[in-house]
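Number of protein chains: 2
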Amino acid sequence: MSSCRLLFTCLCLLSSTALALADPLPSWRDGPSRTAITTFVESVTDENSPDFVPEAQRIATFDNDGTLWSEQPLYFQAIFAIDRVKALASSHPEWKTEEPFASILKGDLQGALSGGESAVISMIMATHANMTTDEFADITTQWMETARHPATGRRYSEMVFQPMLELLGYLRSNGFKTFIVSGGGIEFMRPWTEAVYGIPPEQVVGSSIRTQYVLRGEGPVFERQPELFFFDDKEGKPVAINHHIGRRPILAVGNSDGDFQMLEYTTTGEGARLGVIIHHTDAQREWAYDRESHIGRLGRGLDEADERGWIVVDMKDEWATIYPTK
Amino acid sequence: MSSCRLLFTCLCLLSSTALALADPLPSWRDGPSRTAITTFVESVTDENSPDFVPEAQRIATFDNDGTLWSEQPLYFQAIFAIDRVKALASSHPEWKTEEPFASILKGDLQGALSGGESAVISMIMATHANMTTDEFADITTQWMETARHPATGRRYSEMVFQPMLELLGYLRSNGFKTFIVSGGGIEFMRPWTEAVYGIPPEQVVGSSIRTQYVLRGEGPVFERQPELFFFDDKEGKPVAINHHIGRRPILAVGNSDGDFQMLEYTTTGEGARLGVIIHHTDAQREWAYDRESHIGRLGRGLDEADERGWIVVDMKDEWATIYPTK
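Top line first, the protein sequences correspond to chains C and B. Under our numbering, the residues of the first sequence are numbered 73 to 398, in order. Under our numbering, the residues of the second sequence are numbered 73 to 398, in order.
None of these hints come from the bench; they were simulated from the model. All clues given are correct.
Repeated chains share a single entry, so a pair holds when one copy, or any two copies, can fit it.
With a cut-off of at most 20 Å between alpha-carbon atoms, the simulated EDC-like pairs for lysine to aspartate or glutamate come out as follows: (1) Lys249 x Glu127; (2) Lys306 x Glu295; (3) Lys249 x Glu266; (4) Lys388 x Glu364; (5) Lys249 x Asp123.
Quantities reported herein were computed from a predicted structural model and do not represent experimental measurements.
Between the sequences and the hints, there should be enough to build the whole structure, so can you do that?
Written out as structure tokens, the structure reads:
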């Protein structure tokens, strides 16, 4: 080896060492959450630690709405559904007098939602079913590329949380496999989670409607039926984790009581475990809400976090940045 | 670098080159199937090939019964269910007169199966449900460790196909992600697929019964309900692939008409695709059956393989070994 090449090799080694030493969580301020997370990751990845966990078992699950991206003033998928009702209205003259569509078209969201769960289901089925999965993926992709959030003017994919992007990357670089486990629609998320979060489709778990395999002239398609297949919330989250992943996570992150059972299941296993709750405390940079919110209500999680050893992330105090730089 | 260390480095490089050149498919004789498989893998992994497929999209799905392991004289999971009926009989005196249990206990399998689908469902629910997932995993694991196949005297985990183990390894070393997509029970397979096939639980897709998340004194458990959740066969296979993986495979391997739709879905996508049928032709070393078999019936697949470009593996001619050396 020539001395020139040797020097080059040494420089490369030095530079990769420098990279390894760079802070993987620059948007997490020094504080209890950051310390708890890095202490946990260091202990489960250290072969000499009693808490060591083999790589294959380093499963981390993340809620999506309110955990990886914002969820106010409405779940983004609900905003998508409303946008779809408006786009489809001209082909549905009957919607002018039919609820919840009539109220949506008049811009009266309160009125639309007064029909409760059945109104939401009507809206979802009218906008999410009776098309193929490919058609739905195209519609979702186009909406994600063009729609803008009413308050921030950002694309929805730009309303993901920068500290969570860093946490996902940090975990993966420490041998974790990262999964989304969301109450949101599995096929609403899959077209963009890989580009936005680095989470591939096979690691996205969510709610779903029934699909049917149908052979058409152009080849086989999946037709989306107007019938719920699985609702991935509350007790549904651990059930879906068991069904889909088949291993108990060692780390779970959520933000609402809909994530309670996922955190409970994760943190009651043997060995080192970490439960994390993202607490929306930043009315200025994002939103501040918990017990009384119409979305992402968080009460029991706050009450029991301490005794269960879950960490509660104070967004206002602990996050230096909320959204990625555009 | 001292000349001694340089020599050592060179030797290491040479030895890893030698490893890379070793035949990854020693149990596959030279023949059309071996050639089709290696040609396909070389083309989709060659960045300069028009058929190149990025690593993340190299999804390969495998049926289990009759594809990765044997399935005669009965699906091994059915043998497991029969063994369980016998083991549980003393706590179920009513089974002495109740079908299909009475026939099973008399050793009259024909009689037991004469009740058709409802007999099979009774048998599955009586042996697979009303316990926790952990209890079921323990029972499955113990059975896999101790039970022996009636004809070969081998453990069932020793009745996997050596050429398929090599194929799984060859694909993974070429950046493929390998999945099981089986009509068999997802929780019957998961306790042992990682050790036996190198396929982790999160890459096992199968049929399932409903589970419920229940908080007990010792912590949360999943109770297995006597109710079918999903039947992963025929049209169910592509539906489950779409639900579970969310990507279209580029390679699928099956052995019966229950795999037809999985191969159809896989091979009608754009770009390079490979469909593979394992044809049981070896009455001496394994079993020979296809169109008229009571299990793993294969007719349409044989009829249409040629026009669809699927390869049909002749086990007798093309496989130098069937089972791993014990």
